[in-house]
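K.L.:
Sequence:
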Amino acid sequence: MAYTYNIGDEADFAKARVEDINASYKDLTEVCHNIRMRPADAAVEILEEAKAKKRPIKYRSHNTRMAHRKELQGQKGRWPVKSVGIVLKCLQSAIANAREKGLSEELVVVHASANKKRSYMRYASKGRRNISKLETARVEIVLKEKVEGKKKRLEQEKKAAEEKKKADAAKKAEEAKKAAEAKAAPKAEAKEKEIKPAPEKPEVAPAPKPEEKEAPKKEEKPPEKGAGAPKSEAKPEPKEKEAKTERKGAEPKKEEPGKDTPKAESKPEPKTEGPKPEKKDTGKDEVA
Numbered sequence: 200m201a202y203t204y205n206i207g208d209e210a211d212f213a214k215a216r217v218e219d220i221n222a223s224y225k226d227l228t229e230v231c232h233n234i235r236m237r238p239a240d241a242a243v244e245i246l247e248e249a250k251a252k253k254r255p256i257k258y259r260s261h262n263t264r265m266a267h268r269k270e271l272q273g274q275k276g277r278w279p280v281k282s283v284g285i286v287l288k289c290l291q292s293a294i295a296n297a298r299e300k301g302l303s304e305e306l307v308v309v310h311a312s313a314n315k316k317r318s319y320m321r322y323a324s325k326g327r328r329n330i331s332k333l334e335t336a337r338v339e340i341v342l343k344e345k346v347e348g349k350k351k352r353l354e355q356e357k358k359a360a361e362e363k364k365k366a367d368a369a370k371k372a373e374e375a376k377k378a379a380e381a382k383a384a385p386k387a388e389a390k391e392k393e394i395k396p397a398p399e400k401p402e403v404a405p406a407p408k409p410e411e412k413e414a415p416k417k418e419e420k421p422p423e424k425g426a427g428a429p430k431s432e433a434k435p436e437p438k439e440k441e442a443k444t445e446r447k448g449a450e451p452k453k454e455e456p457g458k459d460t461p462k463a464e465s466k467p468e469p470k471t472e473g474p475k476p477e478k479k480d481t482g483k484d485e486v487a
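In terms of this note's numbering, the sequence shown opens at residue 200 and continues consecutively.
For the record, the hints were derived by calculation from the structure and aren't laboratory data.
Heads up, some of the hints might be wrong.
[To be verified] Under the rule of at most 30 Å between Cα atoms (straight-line distance), these lysine-lysine pairs were calculated in the DSSO-like manner: (1) Lys382 to Lys364; (2) Lys351 to Lys363; (3) Lys315 to Lys332; (4) Lys300 to Lys351; (5) Lys370 to Lys357; (6) Lys345 to Lys250; (7) Lys250 to Lys315; (8) Lys351 to Lys288; (9) Lys376 to Lys363; (10) Lys275 to Lys225; (11) Lys252 to Lys315; (12) Lys300 to Lys250; (13) Lys253 to Lys288; (14) Lys300 to Lys288; (15) Lys252 to Lys214; (16) Lys275 to Lys250; (17) Lys250 to Lys316; (18) Lys351 to Lys370; (19) Lys345 to Lys357; (20) Lys253 to Lys315.
[Stated by the list, open to error] Simulated DEER-style distance windows between Cβ atoms: (21) Ser324 to Arg216: 32 to 38 Å; (22) Val346 to Ala323: 52 to 58 Å; (23) Arg237 to Lys365: 39 to 45 Å; (24) Lys364 to Lys315: 49 to 55 Å; (25) Met320 to Ile206: 34 to 40 Å; (26) Ser324 to Glu270: 38 to 44 Å; (27) Lys363 to Arg259: 47 to 53 Å.
Values in this document were obtained by computation on a predicted structure and should not be read as measured data.
Don't be surprised by glycine CBs; every beta carbon is placed ideally from N, CA and C.
Can you build the whole structure from these sequences, using the hints too?
P.N.:
Here it is as structure tokens:
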């Protein structure tokens, strides 16, 4: 449902409304009249004092047989606590909506009104003819930002935007600097590696070679029968034969008494490869 106040551009306004209130619309009307065209902070203060019965609400109409109050310089008034509480909640809701929209704290109550709504018939019990009505009402409040407050708010928003812009620029510069440092770091490390000489490797002592073991000699197999004559080994001649040869060639030296004559050593003849011709047994020893 539309408001009874023409708001126009809603950027500078904040509003709140309460529907179907079980309260007197006459009291609500007078309470709204006491806070209209007042600053929001002053309106809240008035309503809180009226709720605590420290400040009466002035009645301009609906004041038949109403007492005069010295707090109002002899004008008629009283303390409608229930209606004051309802209007106070509605006003606080409008202020919260203004903060949510980002308006400044300098607000004015440009519109506050209460209207009568539907009334419900209530009947007495047990078929009695006593009939009463339950009247409901509605309250709506509209707040507007002051011109001075609007200027201050715009200036603050402008300053905040500039500060944010500067902070973003500084942040981007720091990020670019860090990125440049990160790129330069691997190049510097590569240069340091090129300059530094390679570390000398420790000399490793050669491992000792294992000693070669002589291969075991293969046992010679005896020759097969008919394959050839067996190899004749040269046997050393006896000492008597050697003495005879010495007598024939040269006279033997006289041996001095008391000295032993050295025995002639016999050298074995070298082995010859291949089979040797068979020698005929003559029965005589060959003299060399």
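K.L.:
Confirm or reject each hint.
P.N.:
Evaluation of the provided hints:
1. Distance check on the hinted pair: Lys382 and Lys364 sit about 27 Å apart at the alpha-carbon level, within 30 Å; holds.
2. With a CA separation close to 18 Å, the supplied pair Lys351 and Lys363 stays within the 30 Å bound.
3. For the suggested pair Lys315 and Lys332, the alpha carbons sit about 13 Å apart, so the restraint of at most 30 Å is met.
4. Proximity of Lys300 to Lys351 is assessed by CA-CA distance (about 16 Å); at most 30 Å being required, the pair is judged to hold.
5. Between Lys370 and Lys357, the direct Cα distance comes to roughly 20 Å. Compliance with the 30 Å bound is thereby established for this hinted pair.
6. Between Lys345 and Lys250 the alpha-carbon distance is near 27 Å, which keeps this suggested pair within the 30 Å criterion.
7. Annotation: proposed proximity of Lys250 to Lys315 holds, straight-line Cα distance about 22 Å (limit 30 Å).
8. A threshold of 30 Å between alpha carbons decides the hint, and for Lys351 with Lys288 the separation of about 28 Å falls inside it, so the pair holds.
9. Restraint check: the Cα-Cα separation between Lys376 and Lys363 comes to about 20 Å, which is no more than 30 Å; the hinted pair holds.
10. With a C-alpha separation of about 15 Å, the suggested pair Lys275 and Lys225 falls inside the 30 Å cut-off, and the hint holds.
11. A threshold of 30 Å between alpha carbons decides the hint, and for Lys252 with Lys315 the separation of about 26 Å falls inside it, so the pair holds.
12. With a C-alpha separation of about 29 Å, the suggested pairing of Lys300 with Lys250 holds against the 30 Å cut-off.
13. The hinted pair formed by Lys253 and Lys288 meets the criterion: a straight-line CA distance of about 19 Å does not exceed 30 Å.
14. Restraint check for Lys300 and Lys288: the C-alpha separation of about 19 Å stays at or below 30 Å, so the hint holds.
15. Only pairs whose Cα atoms come within 30 Å are accepted, and Lys252 paired with Lys214 is accepted, the gap being roughly 27 Å.
16. Distance check on the hinted pair: Lys275 and Lys250 sit about 17 Å apart at the alpha-carbon level, within 30 Å; holds.
17. The suggested pairing of Lys250 with Lys316 holds, with an alpha-carbon distance near 24 Å, which does not exceed 30 Å.
18. For the hint linking Lys351 to Lys370, the alpha-carbon distance of about 28 Å falls within 30 Å, and the restraint holds.
19. For the given pair, Lys345 sits about 18 Å from Lys357 by alpha-carbon distance, which is consistent with the 30 Å threshold.
20. As the CA atoms of Lys253 and Lys315 are separated by approximately 28 Å, the hinted pair is consistent with the 30 Å bound.
21. Separation of Ser324 from Arg216 is about 35 Å and conforms to the stated range, judged on CB atoms against 32 to 38 Å.
22. Against the hinted window of 52 to 58 Å, the Cβ-Cβ separation of Val346 and Ala323 comes to about 57 Å, which satisfies the hint.
23. At roughly 40 Å, the beta carbons of Arg237 and Lys365 sit within the given window of 39 to 45 Å.
24. Between Lys364 and Lys315 the C-beta distance comes to about 54 Å, which sits within the given range of 49 to 55 Å.
25. Our hint of 34 to 40 Å for Met320 and Ile206 holds, since their Cβ atoms are close to 36 Å apart.
26. Distance hint for Ser324 and Glu270: a CB-CB separation of about 43 Å, consistent with the stated range 38 to 44 Å.
27. About 51 Å separates the C-beta atoms of Lys363 and Arg259, a value consistent with the hinted range of 47 to 53 Å.
The structure agrees with every numbered hint stated previously.
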